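A.B. asks: Fit chain X to the supplied structure of chain U, relying on the hints for placement.
So the sequences go chain by chain: U and X. Each residue of the first sequence is one higher than the last, beginning at 1 in our numbering. Each residue of the second sequence is one higher than the last, beginning at 1 in our numbering.
No wet-lab data here; the hints were simulated from the structure. These figures come from a predicted structure and were not determined experimentally. A virtual CB, placed ideally from N, CA and C, is assigned to each residue, including glycine. Careful, some of the hints might be misleading.
[As the list claims (entries may be wrong)] Residues from chain U that keep clear of chain X, each with C-beta distances beyond 12 Å, as calculated:
| id | residue |
| --- | --- |
| 1 | 2 |
| 2 | 6 |
| 3 | 7 |
| 4 | 10 |
| 5 | 25 |
| 6 | 33 |
| 7 | 54 |
| 8 | 70 |
| 9 | 72 |
[What the hints assert, rightly or not] Below, computed lysine-lysine pairings styled on PhoX-like, alpha-carbon distance capped at 20 Å:
| id | chain 1 | residue 1 | chain 2 | residue 2 |
| --- | --- | --- | --- | --- |
| 10 | X | 408 | U | 23 |
| 11 | U | 67 | U | 25 |
| 12 | X | 236 | U | 25 |
| 13 | U | 48 | U | 7 |
| 14 | X | 236 | U | 23 |
| 15 | X | 258 | U | 10 |
| 16 | X | 123 | X | 236 |
[Unchecked claim] To be clear about the criterion: a stretch of chain X counts as covered by chain U if any three or more of its residues have a C-beta under 8 Å from a C-beta of chain U, and this derived list gives those stretches:
| id | segment |
| --- | --- |
| 17 | 95-108 |
| 18 | 243-251 |
| 19 | 369-377 |
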Amino acid sequence: MRLDKAKEHKPLRIINIHLSADKRKRLMHMGMHVGALLEVERQSMQKKPGLYLISGNWIMLRYDDAKYVEVEQV
Amino acid sequence: MKTLEVAFVGNPNVGKSAWINALSNAQFKVGNWSGVTVEKKEASVQWNKQMVHLIDLPGTYALEDGTSEEAITARYLYHEHVDLIVNVVDATNLSRNLYLTLKLRQLHLPMIVIFNFMDEVNKYDMQIDIAHFREVLQLDIYPYSAFDHEGSDIVKQAILSHVCKPCTYDPCIPSKDLDRYRNAYHQLSGRIPMYMECSDDDIKWMTFSVLYRNQKMIKQCNAWNIDVNTLTVSDKEEELAMTEWCDEQMEYVKDPLKRLQKTRRIDHFLLHPIFGWLFMIFSFSLLMMFVFQGSAPFNDFIDFFINDMVMKYANAALSFLPSSARDLILHGVIAGVGGVLVFVPLMAFLYFALSLLEESGYMARIAFLLDRLMQRFHLNGKSFVALLLGFGCNVPAIYATRTLANEKQKKLTALLVPFMSCSARLPVYMLFAAAFFKGKAAITVLCIYGIGIMIALMTALVCSHMDHFHDDSLFVMELPPYRMPSIFVIFHKVKQEVMGYVRKACGVVLWAMVFLWGLSYFPNGDVTNGYLAQFSKHVSFVFEPLGFGTRWESVASLPGSIVAKETVVGFMDQILLQNTVDEIEPIDPVEDIKTIAFEAGAAGKGFLCAWIPHMAKEPQNASLVSAISQLWTDKKANLRAFSFMVYLLLTIPCVMSLQALGREYGWKLMALSIMMALIIPYLVSFGIFQFFSLLT
Numbered sequence: 001m002r003l004d005k006a007k008e009h010k011p012l013r014i015i016n017i018h019l020s021a022d023k024r025k026r027l028m029h030m031g032m033h034v035g036a037l038l039e040v041e042r043q044s045m046q047k048k049p050g051l052y053l054i055s056g057n058w059i060m061l062r063y064d065d066a067k068y069v070e071v072e073q074v
Numbered sequence: 001m002k003t004l005e006v007a008f009v010g011n012p013n014v015g016k017s018a019w020i021n022a023l024s025n026a027q028f029k030v031g032n033w034s035g036v037t038v039e040k041k042e043a044s045v046q047w048n049k050q051m052v053h054l055i056d057l058p059g060t061y062a063l064e065d066g067t068s069e070e071a072i073t074a075r076y077l078y079h080e081h082v083d084l085i086v087n088v089v090d091a092t093n094l095s096r097n098l099y100l101t102l103k104l105r106q107l108h109l110p111m112i113v114i115f116n117f118m119d120e121v122n123k124y125d126m127q128i129d130i131a132h133f134r135e136v137l138q139l140d141i142y143p144y145s146a147f148d149h150e151g152s153d154i155v156k157q158a159i160l161s162h163v164c165k166p167c168t169y170d171p172c173i174p175s176k177d178l179d180r181y182r183n184a185y186h187q188l189s190g191r192i193p194m195y196m197e198c199s200d201d202d203i204k205w206m207t208f209s210v211l212y213r214n215q216k217m218i219k220q221c222n223a224w225n226i227d228v229n230t231l232t233v234s235d236k237e238e239e240l241a242m243t244e245w246c247d248e249q250m251e252y253v254k255d256p257l258k259r260l261q262k263t264r265r266i267d268h269f270l271l272h273p274i275f276g277w278l279f280m281i282f283s284f285s286l287l288m289m290f291v292f293q294g295s296a297p298f299n300d301f302i303d304f305f306i307n308d309m310v311m312k313y314a315n316a317a318l319s320f321l322p323s324s325a326r327d328l329i330l331h332g333v334i335a336g337v338g339g340v341l342v343f344v345p346l347m348a349f350l351y352f353a354l355s356l357l358e359e360s361g362y363m364a365r366i367a368f369l370l371d372r373l374m375q376r377f378h379l380n381g382k383s384f385v386a387l388l389l390g391f392g393c394n395v396p397a398i399y400a401t402r403t404l405a406n407e408k409q410k411k412l413t414a415l416l417v418p419f420m421s422c423s424a425r426l427p428v429y430m431l432f433a434a435a436f437f438k439g440k441a442a443i444t445v446l447c448i449y450g451i452g453i454m455i456a457l458m459t460a461l462v463c464s465h466m467d468h469f470h471d472d473s474l475f476v477m478e479l480p481p482y483r484m485p486s487i488f489v490i491f492h493k494v495k496q497e498v499m500g501y502v503r504k505a506c507g508v509v510l511w512a513m514v515f516l517w518g519l520s521y522f523p524n525g526d527v528t529n530g531y532l533a534q535f536s537k538h539v540s541f542v543f544e545p546l547g548f549g550t551r552w553e554s555v556a557s558l559p560g561s562i563v564a565k566e567t568v569v570g571f572m573d574q575i576l577l578q579n580t581v582d583e584i585e586p587i588d589p590v591e592d593i594k595t596i597a598f599e600a601g602a603a604g605k606g607f608l609c610a611w612i613p614h615m616a617k618e619p620q621n622a623s624l625v626s627a628i629s630q631l632w633t634d635k636k637a638n639l640r641a642f643s644f645m646v647y648l649l650l651t652i653p654c655v656m657s658l659q660a661l662g663r664e665y666g667w668k669l670m671a672l673s674i675m676m677a678l679i680i681p682y683l684v685s686f687g688i689f690q691f692f693s694l695l696t
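Chain X on its own, in the form it takes in the complex:
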């Protein structure tokens, strides 16, 4: 049976992904700012034994090659087979959304329209004359909200019943031009050659094109010896006429601005030149505190569970294996991957905070506030949003640069994303900060983040003077109204990201850990004399001027970081804690369950205490922190650790980020990124270590 292709199209931030999630139980990312979907996504469902592909196309304002996501949507609709278009429209903002609806009608494909956010329309007592819009658009309109799920069955049925249905739409003409249109229609219909066998619909659309001076149509008329000058054509172009028509329709919507009152009141404070900035700084500080201190007790619990419980039971269960195989599983797999999994709560807290910013609509306000500052570095507010996402993960942040309007801006922003300290690097900082900067771990990590931002801005300043990145394009951005974040959506987002982190830990990180274990273990089973140790000892002199080269372990952890930054933690776990689990401890399941329950309770209590400054605890993996603190014990130990963290911050991004860069902007930009990541971290770490060495 043929699979039906159903394309969801609409302006940015109208809830296309949310509707697909509601119809298919897919878990596409959604958010309250434009550009969440930057590439075509697909969900497959079976309805009444009929396979249906629901295609989520990036948000677009028109069907042109403007930004790359607009181009993706336009190309898909023009060149791929589509059985039905589902036009998702923000019902609270019809005048702007209907322009795309008019453009979509010109494709003459079967189409239905969903007026989304009807819950807000009802909440703010706005009244929309749906019957009028059904009549003028000649389309079936379904006024339901995706989050209420009330209309999903009706929309499902509508999709199935409208697929491949023949469709005819008349052009929508602004009232001012109606007389001209009628005259032109009568004149044209009498002059088109009979052999063309044009239908009435064809003539209507030809008249529309001639009326608004479509050059192709005018040429065609000339070819038929029709003198277009004798027709009463309008002085405006098609797009402007369509926009005017949309504006005219607003008389069928009562109180369209009511929904903005609350946002206006909030923005009065949040966009204030002084209070707005203060609030932004305050909210960032709160976010950091929430992420670091809130997650710490849970990180400790997982650390205890993996290192005390899993390790103990695995050690006992694997006692029959030869020592090399046991070592591989205990030190290679469990210690390595476990070291990464310890930070799952940290990731969950980070993504929860970022989702909250996205969902509420505050992310766009941050872009607004920071635009002037970013402009000084030849970037814009939207670049900041992409860079901010880089704190979560560099890969989606690189893809998010697609939402920028200009190619040069996109490339420049993508080049800067790897300087944003992604969440994968966070566990490394937390461990080193806990080991060397006791009591000041959060400030130390903030400094590292600050250095990343500073280097990114300086790089932007330098690059913007190059022709390749210089840009003077228009920057225009939409600020969505504030919306109460949906706990359901946030929970799904966090779950998705955390699962991605766990999958990465059990996939690429696991293999990297096994490979690194092999390099460390062979040829003689002694990690201090393994291949990796020997190689690192030979090259560590290169890193001695940077401070951390005095210990081969720090140098040896760097190659693995190219696979994934998390491997540094796993590697340190393998290398530094190698002798701690070989003795088989006595097992008492009842006692162990009691201990687990006690530790879980302690984690919950710790979370509640995290908000009281003197009771807050810094996240740590106690045994590993203690081992790391022994890496350097001289008076420059802190400086060496800091230099290592800075090096790791700026060094070559992980392969997935490089792949994203290469895929989006070509191998040249990827090569430039690698080159920068080889030179810049060396110079910065060298500068920091040497300068502060003089002071100590």
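Isolated chain U, as found in the complex:
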């Protein structure tokens, strides 16, 4: 399942990030890496950015980037 399609307030785990190494690293520094647990706080609607809770921190990610993050429900 892609992150942009995930439902709000359900625990998720990142299983893959289909982005370039640079972008993956940037996400990892914000706590978003393969294996990390997260929750959709506010899903991106009409291409607006989404808000994700990762490691006790709210991270904003755009719809265009969230669709490259593959997650599974925990």
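C.D. replies: Just chain X now, with coordinates in the frame of chain U:
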């Protein structure tokens, strides 16, 4: 005696600057959003006869050349001499903050850790097993909050006692990889050549590097004829292992999400797709009302004090001087600089409002709400924050573009900042709006701000199609929890900014005013026939199609605006009020003190009435407003004044902004900015004046 270099390092928005302020009484800017510190700053203190440099490094998530502030921190730590690292950590958000701590340990420098925001940890009843973290990190941890000042003495002592202390740290390995690590350690320790004389610590870190497939280390092993394939290496890289280790440590923190409950409830409303926008518009309107109407009575008081009192006493005191010298001091210095100082309350109110947005954490929410809109113009929410800061002053706003992740985005945003109407331009708008748009001054000024934003967005749209600015980078941003703004911090911020404004008025503006006075006064002491007047009269035909070129005074005020925008007010004061103070008025100090006290009381009363719409007063410098209103008296007078304001909004930014642009992004971008500022304001003012002329 050697000066100790102590570097404060941590993630963005963890309170590094606040800690340095607490330890040294420095007044570095702080705020509740990432990227407040964008360059290295330094405070010097003397503790126990020992000179110590406290170095405030920009917030970073890792020690890599990511954003420019990350690069500044990384380069400093890798290449400069550091006696001690003070790692400031947000105790309410350990899992993400500890990643940098692990990275810093790899530098093998003396280090202490401050768990900041402990007041919030206690407030939300979170429990952190500090002893566990001391043990696993092999570091001394000081759990204190910068704002409480309770721990500053302890931290001071800790800094002095840990400087240059030998340090050894073991690698932190996630529990899943511990067996692999132990195996690899045993295998490697038996195979490293004896002549290398590696210590046990060296071998531990070599094992760590091999375990997580560090290419340099693998090459080194190959050079020693150690077959790395026979070692049990992990399938992940070092960074990921470190992140996993940080996540594992969260079991030693109880209720880490408790602190988010309040923020979540507030955000439910403030980030709502409809209510969030309504609230944002409402808060902006309130902010404008607070800044313009709240400051008006105080502006009037300072205007009265300078123009009625200071001028009267200076005129009397300087009566022995020849008329040219008296004219220089009265009309050049006091009128010019005084015209700028009148707006000190306006600046204070503006910075108070901006600080409130920053400190509370709402600034990041504005970026979140506006990101989609900004994306349409190939910008992002964080660009908006930099542009918003431009309403205060363009110079820090240009520096704030450093926090953007991508070089092209930075350049594009920096190029747009000068279109944001900085606070220095505000006094000019207020005067012209009060003179020509009586009763509608606030709306007129809002329109000017709106035009600036519109032109900036249109420019972004055009520029984004150029390869030089086109960008498809990842945009990710952290939203801090809401925090109650500290009045102490806000007061210091406002004081700093206002003092900066006053210093500018007494420095660069003063010299510009004296220079402009010289150009106006010479050769014959008549401003209407001075060098500046003659030159302006010759070139004013260029500005006639824009409406305001019919009066040379408006054209003559433009060159000074390149030095600092405030000079337009001072210049108008010099030029238009030239004959008002030459007669020496009788002096009665007792009566004057009574008048000052009465006016001060009236200012306070006016502030209270500012919130009642029909009793609100628009800020004005009465004598100057009246003189400006006589600049144009025909039926297109309002249009001419509006065209002048728009021209001033978009024209060449002040030299300090240009210098910031050049310093940050090179002379080419600075030249492009100047070129745009020559063409765009002319076209826009021309368009506005000609179009609306057809309608009137």
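A.B. asks: Next, verify each hint and record whether it holds.
C.D. replies: Cross-check of the supplied hints:
1. 2: holds (16 Å)
2. 6: holds (17 Å)
3. 7: holds (17 Å)
4. 10: The claim holds: residue 10/U sits with its nearest Cβ about 15 Å from chain X, beyond 12 Å.
5. 25: violated (7 Å)
6. 33: The claim breaks: residue 33/U does not keep its Cβ more than 12 Å from every Cβ of chain X (closest is about 5 Å).
7. 54: Violated, since 8 Å does not exceed 12 Å.
8. 70: holds (16 Å)
9. 72: Since the minimum Cβ distance to chain X is about 17 Å, residue 72/U lies beyond 12 Å and the statement holds.
10. 408/X to 23/U: holds (16 Å)
11. 67/U to 25/U: Given pair residue 67/U, residue 25/U holds - Cα atoms ~17 Å apart, limit 20 Å.
12. 236/X to 25/U: holds (13 Å)
13. 48/U to 7/U: Roughly 15 Å separates the two Cα atoms, so the pair holds.
14. 236/X to 23/U: holds (17 Å)
15. 258/X to 10/U: holds (18 Å)
16. 123/X to 236/X: violated (38 Å)
17. 95-108: Coverage by chain U holds for the segment 95-108 of chain X (3 residues, Cβ < 8 Å).
18. 243-251: holds (count 5)
19. 369-377: Per the Cβ count (3), the hint holds.
Of the hints listed earlier, those the structure fails to meet are numbers 5, 6, 7 and 16, in rising order.
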